[in-house]
Amino acid sequence: MLLSGLSSYIPVLVFMAISGAIGFLMLLIGRLWRPSHPYKEKLSPYECGIEPEGDAWERVIPRYYVYAMLFLAFDVEALFLFPWAIVFDKIGWFAFIEMVLFIIVLLIGLVYAWAKGALDWRY
Amino acid sequence: MIHLFFLMFSLIAVIASWRVVAAKHIIHAVLWLVVTFFSTACLFVMLGAEFLAAIQILVYAGAIIILYVFAIMLVNVKDLDIKAHFHKHRRLAKLLGLVIFAELGLVFLQRFTFLQAKGPLAVQQAEWGGNSEVIGRLLYTDYILPFELASIILLVAIIGAVVLAITQEKRA
Amino acid sequence: MLENLQRLIQLTIHLIVNKLVPLTHPWGWAFIKALIVVSLIMLAVTFVTLAERKLIGRMQIRHGPMRTGWHGILQPIADGIKLLCKECITPAEADKWVFLMAPIVSIAFAFVPLAVIPFAKTFFITDINIGLLFILAVSSVGFLGNIMAGWSSASKYSFLGSLRALALMISFEVPMVMSMVGVVVFTGSLSMVTIVESQAHWGWFILSQPMAFVIYVLCGIAETQRTPFDMMEDEGSLVCGFFTEYSGMRFALFSLAEYINMFLVAILATVLFLGGWQPPFVSWPLFGFLNAVPSVFWFSAKLLLFMFLYIWLRGTLPRVRYDQLMYLCWKILMPLALLNLMLTALFLASKMNILIFYLLNLLVVVIWLSIYAKTQAWVSANNQ
Numbered sequence: 000m001l002l003s004g005l006s007s008y009i010p011v012l013v014f015m016a017i018s019g020a021i022g023f024l025m026l027l028i029g030r031l032w033r034p035s036h037p038y039k040e041k042l043s044p045y046e047c048g049i050e051p052e053g054d055a056w057e058r059v060i061p062r063y064y065v066y067a068m069l070f071l072a073f074d075v076e077a078l079f080l081f082p083w084a085i086v087f088d089k090i091g092w093f094a095f096i097e098m099v100l101f102i103i104v105l106l107i108g109l110v111y112a113w114a115k116g117a118l119d120w121r122y
Numbered sequence: 000m001i002h003l004f005f006l007m008f009s010l011i012a013v014i015a016s017w018r019v020v021a022a023k024h025i026i027h028a029v030l031w032l033v034v035t036f037f038s039t040a041c042l043f044v045m046l047g048a049e050f051l052a053a054i055q056i057l058v059y060a061g062a063i064i065i066l067y068v069f070a071i072m073l074v075n076v077k078d079l080d081i082k083a084h085f086h087k088h089r090r091l092a093k094l095l096g097l098v099i100f101a102e103l104g105l106v107f108l109q110r111f112t113f114l115q116a117k118g119p120l121a122v123q124q125a126e127w128g129g130n131s132e133v134i135g136r137l138l139y140t141d142y143i144l145p146f147e148l149a150s151i152i153l154l155v156a157i158i159g160a161v162v163l164a165i166t167q168e169k170r171a
Numbered sequence: 000m001l002e003n004l005q006r007l008i009q010l011t012i013h014l015i016v017n018k019l020v021p022l023t024h025p026w027g028w029a030f031i032k033a034l035i036v037v038s039l040i041m042l043a044v045t046f047v048t049l050a051e052r053k054l055i056g057r058m059q060i061r062h063g064p065m066r067t068g069w070h071g072i073l074q075p076i077a078d079g080i081k082l083l084c085k086e087c088i089t090p091a092e093a094d095k096w097v098f099l100m101a102p103i104v105s106i107a108f109a110f111v112p113l114a115v116i117p118f119a120k121t122f123f124i125t126d127i128n129i130g131l132l133f134i135l136a137v138s139s140v141g142f143l144g145n146i147m148a149g150w151s152s153a154s155k156y157s158f159l160g161s162l163r164a165l166a167l168m169i170s171f172e173v174p175m176v177m178s179m180v181g182v183v184v185f186t187g188s189l190s191m192v193t194i195v196e197s198q199a200h201w202g203w204f205i206l207s208q209p210m211a212f213v214i215y216v217l218c219g220i221a222e223t224q225r226t227p228f229d230m231m232e233d234e235g236s237l238v239c240g241f242f243t244e245y246s247g248m249r250f251a252l253f254s255l256a257e258y259i260n261m262f263l264v265a266i267l268a269t270v271l272f273l274g275g276w277q278p279p280f281v282s283w284p285l286f287g288f289l290n291a292v293p294s295v296f297w298f299s300a301k302l303l304l305f306m307f308l309y310i311w312l313r314g315t316l317p318r319v320r321y322d323q324l325m326y327l328c329w330k331i332l333m334p335l336a337l338l339n340l341m342l343t344a345l346f347l348a349s350k351m352n353i354l355i356f357y358l359l360n361l362l363v364v365v366i367w368l369s370i371y372a373k374t375q376a377w378v379s380a381n382n383q
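Chains as they are written, first to last, in numbering that gives the first Met the number 0: chain A, 0 to 122; chain B, 0 to 171; chain C, 0 to 383.
One should not assume that every hint holds.
What the hints assert, rightly or not - In silico SDA-like pairs for lysine to any residue, Cα to Cα no more than 25 Å straight-line:
hint : chain 1 : residue 1 : chain 2 : residue 2
1    : A       : Lys89     : C       : Phe356
2    : C       : Lys330    : C       : Val213
3    : C       : Lys81     : A       : Lys89
4    : A       : Lys89     : B       : His88
As the list claims (entries may be wrong) - Facing chain C, a subset of chain B residues (Cβ under 10 Å, in silico):
hint : residue
5    : Ala28
6    : Thr35
7    : Leu42
8    : Met45
9    : Ala53
10   : Ile54
11   : Ile56
12   : Ala60
13   : Ile64
14   : Ala70
15   : Leu97
16   : Phe100
17   : Glu102
18   : Asn130
19   : Ile143
20   : Pro145
What the hints assert, rightly or not - Simulated coverage check for chain B against chain A, where a stretch passes if three residues somewhere in it have a Cβ under 8 Å from a Cβ of chain A:
hint : region
21   : 7-13
22   : 90-96
If you are wondering where the hints come from, they were derived from the structure by calculation, not from laboratory data.
C-beta: ideal position from N, C-alpha, C; glycine also.
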């Protein structure tokens, strides 16, 4: 039962509005009951009871960035697979060969990253 | 009705992208950028380009934003004097802004004639059942060479990331 | 009989709703359905938390909650009241607006993917052309609440916890998406309703895609940050991950979002691999009587089975190290997902009999397991 075109997206919009409202409502309801007695020690960041030291926003290791780059490349690859999968049985062998070529090129990338040790998580 | 939605989403997009540029803290800019991507995706859906909308959210709001977040965490933003950098390139920014506005003006003057929907594509979309199927058919029959080239570009991106990682690790 | 009852209930709801809101307008109907889904899911979540505590208690040879009501059956309600009455602390150095918005964002993105799920034969909020991609797109942005909370709290534990969780989530998303493509190759459509219906023809996809199913389950557990892959809640080193600084209702919203995400993974596993609302042996005429049971029963039975698997794993397995997780994701699951995809495409292009394909898949899984066992034996021998 595919609704035609745009009208199938209206319920999605309604659902988005509801799910956004739920969070707001739950926090608002809590506001009626809950106490609020802030003082300095309570509002300081949690550091196992010790005086917090230094800035929380520290620089992180570059490894995170590399994983994000690899993720981006492979994510785009995976998304190319979706339209391919949809039309696969209409195109047949030709589509198969195309995708094998595509995947092999990206596998070279994976193997390269693997061989160079970019995939090992070291601290 | 549809005009109302268009107005709403484009207004959100414009305001959010203004906030991206004007935000004081760089993380706020990134969050507003996500809002921009979302409203743009909604506009794509309204144009019947649902596949493009999903890709927009998945790749831009889902992957590129993560890249931004990690890049921001990589350099300590507090060390950067953002204001000073902002004013250094004022002249260049003015020039670029002028060029972009001129382009927009040209588009308005031409009344979007070059953006008119191509007949065959709309017909195909109706016949083949959906935007993603049309994209699939075109991508894997007519535009096969660009598709395979895309894999090479992705390979270059992967190799670039790996080389970056190794040099940084050696330096550390 | 049951079908008639179902139809009667639907008709009454239809009539009531028709008097209240004009049903010809799609908004009203969508609103009612969305409310039903949201409240049912909330109810399910509260009782799954109870079931989790009871079952884990059983696995650790203790009772779990016993005081509130008969065998602790009122525990979720007591928990809810407690969380509602707790003080919500906003740390002094926190970025206030981002800090406040983070739980709302995270729960909103957890709910939205449910909009395109077919819960029963005739019950779904909507069916869009790009259903599966829509779910992927919305849940891939779910990290936003996480990073907002981690960054705005101005606490080292929150910050590190959110970064670790983020890197883990993005890594496991790639094999997860690839394992789903295996299913889409069969169905030729991204619409969730079509995916469920085509399993009457192909048989449940767990039979033709066993590798994809295993990959999906592993990635799903990692995506929802559950034990054994719960790196962000690594109490030993990160206190409580990205919501260390949250308390009261805000904390409750985060854990609610986490449970809804678990439900989403279980629902997707049901819809993609276990036939959704279809009864078992759907294509065999001998088992036709199973169709008499309402379809929502089959759906929820599979769903609850999967939730039990979640709880079982939590009660059984210890936490995995971070580098081992990355190894699992990039060096085992990624190549396997690609291999599975190639095999599936090869099968479909050659128009092989589906039964031969089932056997072939079984063979591949057996070979894979034996190779894995061999290498593990070799590794442990070399370590000694």
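* Against which earlier hints does the structure fall short, listed by number upward? -> Going through the list in order, the structure violates hints 3, 4, 5, 6, 7, 8, 14, 15, 16, 17, 19, 20, 21, 22 and respects the others.
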